[in-house]
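Protein chains in written order, with the working numbering: chain A, 15 to 337; chain B, 11 to 516; chain C, 660 to 974.
Since the hints were derived computationally from the structure, they do not count as laboratory data.
Watch out, some of these pointers could steer you wrong.
Below, simulated DSS-like cross-link-like pairs (lysine-lysine); rule was C-alpha separation at most 27 Å, straight line [to be verified]:
id, chain 1, residue 1, chain 2, residue 2
1, C, LYS752, B, LYS351
2, A, LYS138, B, LYS153
3, C, LYS844, B, LYS120
4, C, LYS778, B, LYS122
5, B, LYS130, C, LYS844
6, C, LYS780, B, LYS149
7, B, LYS134, C, LYS780
8, B, LYS134, A, LYS138
9, B, LYS274, B, LYS341
10, C, LYS752, B, LYS153
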Amino acid sequence: MNKTSDVQKASRSPIPKFLAENSRLTVFLILLIVSTVLSKGIFLSPANIHNMLRQYAGIGIMAVGQTVVILLAGVDLAQGSMIALVSMVVAYLNVNGYGIVLPLIVGLLVGALGGLTSGMIITKGKVPPFIATLAVANICKGLATLITQSRPIYGLSKELLVFGRGTIGGIGIQVLVWVNVALLGIFILTRTVYGREVYAVGGNERTAHLSGINVQRIKLIGYAFSGICAALAGIMITSKMDMGGPYVNLNDNVQSIASVVIGGTSFAGGRGSVTGTVLGTLIIAMINNLMNLMLINPYIQQGIIGIIIITTVTLNQRRTVSK
Amino acid sequence: MNNGKTILEMERITKEFPGVKALKNVDLKVRAGEVHCLVGENGAGKSTLIKIMTGAHSKSSGQIRVNGIPVEMNGPQDGKKLGIRAIYQELDLLPTLTVAENIFVEDIPKTKLGLVNWSKMNLKAQELLRTFGVQIEPKALVKDLTVAEQQIVTIVKALSQDSKILIMDEPSAVLTGSELERLFGIIRELQKQGVGIIYITHRLVEVFEIGDTVTVLRDGENIATAKVEDVTMEQLITWMVGRELGEQFYKETVDIGDIVLEAKNLTVTGQVKNVSLQLHEGEILGIAGLVGAGRTELLKSIFGQYQVDSGSLVVFGEECHFTSPRDGIAKGLGLVPEDRKNEGAVLCRSIEENISLGVLVKRKFKFLVHFPKLFQKAVELANYVAIRCHSLKQEVGTLSGGNQQKTVLAKWLASESKILLLDEPTRGIDVGSKLEFYKLMAEMVRAKKSIILVSSELPELMALSDRILVMSNSQVRKEFLAGEATQEEILEYAIPQELKESVRAS
Amino acid sequence: MFKEQAQMKDKVRFSSSSSMLLPLVFIIVVIACAAVSPMFFTAENFRNIIVGSATFGILACGMTVVLVSGEIDLSVGSQIALTSVVMATLAPKSLTLAIIGSLFVSLCIGLINGILLTKTKMPSFVLTLSTMGIVRSLALVIANGQPVYGVPRSFANLSNAVVGNVPLVAYAMIVMYLLTWFFLKYTTLGRSIYAVGSNSESARLSGINVNRVKIATYAISGFVAGLAGLFYTSYVTLGLPDGAVDYETQAITAAIIGGTSFFGGEGKVFNTFLGLFIVGMVKNILNLMGVSPFVQPIAIGVLIIIAVGVRTRKS
């Protein structure tokens with residue numbers, strides 16, 4: 015009898031998800047307060063927050079895709095190079111008179127294709143994700159620089175700049191894209207069949223296979239999604255900079271992984287959420303923003319992110335172990 | 011040879027894992043020069059007991075005395091210092107290293123300068139391997155050897171060091187006849203040197219061939235310890251599989267319907283040989299056999315996990331060629347595997363998600379999950395199979411074995427499987443949960459589902475099944491109707507012919 | 660036989676290359692390069708290849724050791740930058756002090772990596788990704804984000820020095836590889852690293868102190884990164900706090916093309932050497948043929964996929 019009521023009670027009031035992510039929320043709130051106090055309130059000004067969000071939209075979008083891949087017990091090291099490749103492809107097509115719709119479609123397709131390539135090497139070739147995506151990263155980097163022999167492409171059409179500079183209702187378009195991609199990620203992982211399958215495959219590939227899940231398909235879609243997210247980020251960045259940039263920003267890839275890890279997604283797969291990742295990106299963004307506001311030496315930024323990763327992951331592991 | 015003094019005493023050893031009591035007040039004494047056999051079904055607690063003996067696991071309570079002195083062991087090194095060594099069942103080797111290195115990993119031969127002396131190591135390894143009479147190249151990598159050769163390497167490794175107590179965890183499982191003879195020769199030699207040997211085996215004939223004393227474990231308890239000359243094989247088996255009086259089974263009589271599944275000459279190379287069987291609606295078909303008889307493999311090849319090489323499988327009147335579990339599931343099959351943790355459940359996800367996997371696979375929801383519906387279904391099934399938990403959001407890994415098993419079963423109920431393949435479903439589950447599980451099985455057959463049940467507990471199998479197939483050596487040897495056979499008759503067919511001959515010879 | 664069993668086997672047997680395959684590929688690459696360009700087989704060209712890959716090459720020794728232990732160290736590129744900054748900062752006072760100081764710093768960072776790894780039980784990828792950032796910050800802060808001048812000319816000249824028509828760095832690299840080979844093959848610690856990488860639970864049951872071995876592995880990786888940092892400093896003649904970015908992936912590439920397993924327990928430093936030069940020669944011949952330098956990463960990417968893919972297929 016007792017157990018029956020337990021089960022029903024649980025079904026009536028499902029525990030809110032964010033409670034399980036306490037440590038991150040705490041870090042986030044502490045940072046929020048510290049930033050506000052130290053910057054004497056400037057931090058909380060709408061202009062500052064808007065700026066911060068615009069600056070980190072690209073990382074935030076990449077991190078959503080990276081979350082799915084890490085949930086599948088993998089990692090995507092090709093995102094940074096993908097940004098460069100997509101940036102060049104979109105800019106090249108744009109300045110050569112293909113308008114904006116076609117370049118955007120081709121850009122997203124390139125992202126999807128790159129992700130699928132990683133996925134195929136991993137599932138068919140049985141190559142560890144680290145190595146497979148490293149190889150694909152090399153290839154994307156080469157292709158990106160090859161298009162114009164490593165020269166940036168200038169002179170994009172004005173319409174294309176909307177993505178990085180335009181606003182809707184006062185909010186930057188890239189921020190809106192980030193919000194939408196994050197919502198899409200949350201939706202996919204919590205509300206779709208595919209999301210359920212991602213958690214199952216990442217949690218225990220063997221059981222997933224024996225429960226009738228097409229493991230290979232799930233992985234392919236995951237890497238393709240990660241590639242598409244990187245492509246979107248590439249489009250935003252191209253538009254913001256008003257040029258096609260062939261230079262790979264390695265740090266972007268690191269920050270994308272850092273967002274996911276700080277966000278509490280387990281590197282072993284099967285545990286984590288996009289909500290956590292968004293918090294992770296925001297934590298990184300706030301640290302950076304605070305240091306800018308305080309005119310603190312920007313060089314320590316990477317170090318602080320490193321320390322936060324170590325702290326949150328360790329705390330997270332303690333929590334899991336004590337359970 | 012039984013006059014040696016007691017060198018190892020274990021008293022009231024208890025070991026608890028989260029959710030399970032693996033050992034309950036187990037006593038064990040080993041004398042110098044004695045071969046002490048340890049027998050019991052899988053999951054009876056043998057492996058846990060020897061891990062405690064060697065210090066690899068820490069005990070929850072109880073006392074260990076070596077030569078009369080109480081000892082506390084905090085790691086395998088402590089056990090080794092006391093001269094207790096083990097040859098583990100799971101082949102504790104370093105696969106990417108050479109044979110010689112594996113043998114001497116604990117005490118690498120060194121030159122005067124303290125460097126690894128490869129030539130000496132290879133030479134010594136060669137000598138040791140030769141005493142065992144096998145041709146294994148010391149420089150070969152362990153991962154390139156056959157399983158039997160790997161087993162020999164573990165034995166040679168243990169022999170290369172002086173030990174007072176040598177534990178052998180099923181060394182015979184993968185050895186062939188001549189290799190086994192060789193091993194027995196070595197054991198007798200060690201006996202003369204006064205080494206106490208703990209010998210774990212599933213092949214009971216070996217108990218009579220090599221053992222002096224035998225201890226039977228069941229469900230983490232010491233059921234009996236006796237001199238080998240005082241017991242019979244039937245006695246041992248009864249101890250191993252038998253249950254105390256008063257333990258209950260639950261079985262309802264239901265009408266058996268038409269054939270739902272029929273296999274003809276099903277063959278999977280090396281695993282299943284020419285198996286034919288029929289399963290009817292509402293029937294529980296029991297499969298008996300010793301460990302390694304091919305029972306698990308049979309279930310997996312019916313399910314689609316293993317590719318069938320020849321023979322035919324007809325499910326609900328349709329000829330089927332399953333290439334993956336997905337095909338089997340689509341046809342209404344569900345497998346509750348023996349290895350619950352690695353194959354049955356996704357431990358790091360919630361009960362609800364695990365159960366829902368069964369719904370998702372039916373593709374009722376093409377893309378979107380209708381959450382309330384899914385959750386309602388999970389609640390319904392969790393109540394139906396009576397999972398004890400705080401909430402359905404709880405991770406399956408935090409549940410007890412019985413509740414994990416119920417979750418796996420609920421998954422297949424969610425997928426509306428018509429044919430359930432249950433592989434040792436009640437192993438490692440406490441008595442109360444077992445009874446609940448039997449009642450669930452009865453309800454399922456009442457709902458016109460059919461069950462193929464593999465179990466090593468004969469009383470359970472005999473009480474629940476409508477028919478029993480007895481397997482040995484990957485083949486079906488005999489079919490019995492319910493109530494037709496006694497334990498002894500079933501065992502008669504379950505024990506492979508060669509084994510019976512060898513016991514007669516010895 | 661069974662798909663799944665085959666898959667499991669693939670994992671276990673991953674990258675069990677036969678010992679002759681890689682040298683064969685190496686020789687084929689040499690012959691192919693020589694056939695394609697007459698400029699390839701010249702002393703001058705070889706010097707270019709060697710000097711160009713010296714820093715990665717030394718780094719790859721340490722990376723091989725870490726990969727054999729079943730872990731990864733992404734922080735070595737940052738460590739090179741830190742070493743070069745420490746070196747350039749201390750050099751005006753005393754060259755000896757500068758060399759000892761920078762090696763000491765990198766050894767300490769390796770030790771800290773190892774201790775954190777064993778204490779926090781974090782995946783090494785995540786941990787060293789974090790320390791990669793921390794060490795980089797440290798270098799930037801010490802140098803205040805600017806290149807540090809102060810490397811004496813005598814030290815800077817070392818990278819160009821030639822002994823008997825062979826660059827000094829070539830000798831140094833060969834000595835490094837011989838030392839690493841000797842260490843991995845003939846010392847107890849070296850063998851313990853293989854044991855831990857092969858199966859850490861078995862290693863533990865065999866009485867190996869797994870944590871101590873892991874800490875030692877990272878200390879070695881740090882120390883080797885320090886040595887690579889010294890070469891780097893001599894080569895660029897500056898302390899560069901933002902230099903040596905992505906060097907860790909170059910080192911990893913050499914090791915995995917050389918057949919070092921990503922799952923630990925397998926790998927030969929001699930093969931890493933071959934891997935390093937296969938990469939170096941492919942880049943070089945593309946240059947000589949006048950192919951755009953931007954094709955190089957594509958070629959390396961394809962090379963990685965083929966090298967690892969073929970090995971997995973084979974087993």
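Exercise for the section: Against the structure, test the hints numbered earlier, and report the numbers of the ones violated in rising order. Expected result: Per hint list: 1, 4, 6, 7, 8 and 10 violated.
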